[in-house]
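First residue of the sequence shown? That's 1 in the numbering used here, and the numbers climb one at a time after it.
Rather than coming from a laboratory, the hints here were simulated on the basis of the structure.
Do not take every clue at face value.
Keeping only pairs whose Cα atoms sit at most 20 Å apart, straight-line, the calculated SDA-like set for lysine to any residue is [as the list claims (entries may be wrong)]: (1) LYS75 / CYS26; (2) LYS217 / GLU159; (3) LYS123 / ILE188; (4) LYS64 / LYS47; (5) LYS123 / GLU159; (6) LYS217 / ASN233; (7) LYS69 / GLU106; (8) LYS69 / LYS173; (9) LYS122 / ILE234; (10) LYS82 / LYS122; (11) LYS122 / GLU111; (12) LYS173 / GLU159; (13) LYS75 / ILE108; (14) LYS75 / TRP24; (15) LYS28 / GLU106; (16) LYS47 / ARG63; (17) LYS47 / LYS82; (18) LYS103 / GLU159.
Being a predicted model, the structure only gives us computed values, none of them experimental.
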Amino acid sequence: MEKFRLFKNTFFPSAKCNSWDVYWSCNKRFFAYYTLQYKGSYSDDAKSCYENITLNAYEEYIRKSSNIKTANTAKNQFFYIKSFILSRAHNKNFDIGSGVILKRCEDILIERDRAMKTADIKKIVRIIKHIERQRNGVRNKAVFLILLCFGMERRRICELRWSDIGDNCQTIKIGNGNNSRFMVMPAILRNSIRELLAMKTNNAEYIFGNSRTQWLKPLPEGGINGILESIKNIDREDRFYNNFSPANFRKWLFRFMFLENKLPL
């Protein structure tokens with residue numbers, strides 16, 4: 001415990017630093033596993049204690065830890081543990097880049113990543129069903145799906161008019177002026193727009209208005225905030241439901257297209 005306090009005072013002079021809390025919990029979990037399950041030994045002599053920890057111990061920790069589900073988490077936690085161990089002794093096992101340990105654990109991390117993606121899809125379905133049950137559920141579901149499919153800005157969503165929708169709700173106009181183009185909508189979004197089309201009056205102008213104004217006035221941007229805020233109520237203990245914002249939608253879409261599918265800019 002005293003060794004952690006010394007490390008904190010050296011690298012985290014502010015007692016309120018959130019990074020220290022992350023360091024503390026990460027190292028505490030690893031060393032608890034190392035001493036109790038891996039049967040590692042502890043002594044007051046830093047050289048004999050910390051120089052004897054091997055990468056096998058951390059690899060097994062990753063494989064058995066339910067908290068480490070992604071390569072990024074494994075990398076971050078390796079950095080925290082490596083920093084502490086090297087501050088106590090020169091352990092050549094840990095004086096390496098994170099890529100080495102990620103390669104050793106590649107199989108389990110890929111398996112967990114696939115499991116997470118399946119779980120995420122189920123959670124998206126749960127969100128859509130949750131939104132459908134709200135007042136103006138048909139409209140709100142279409143707003144969510146446009147964010148999910150195109151990462152469109154709130155202002156632009158509110159400004160969408162029926163003239164921006166192509167024949168038979170196949171396409172939607174993205175962008176403004178000379179930079180605009182019609183994009184094919186995924187089937188789930190097409191069907192949602194068609195549901196709205198069946199509800200609108202003949203003189204309706206805005207896609208996301210409401211029946212009270214006969215769709216002649218756009219949905220306020222705050223209405224989109226309310227839709228996204230309501231997602232948190234599904235499960236406030238699950239961080240997945242707390243990260244939905246237009247900016248995060250765009251970040252996820254960029255990662256999906258550019259990093260995972262290797263599409264050119």
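**Study point:** Unsatisfied constraints (hint numbers, rising)
**Key:** Of the numbered hints given earlier, those the structure breaks are 4, 5, 6, 8, 10, 15, 16, 18, listed in rising order.
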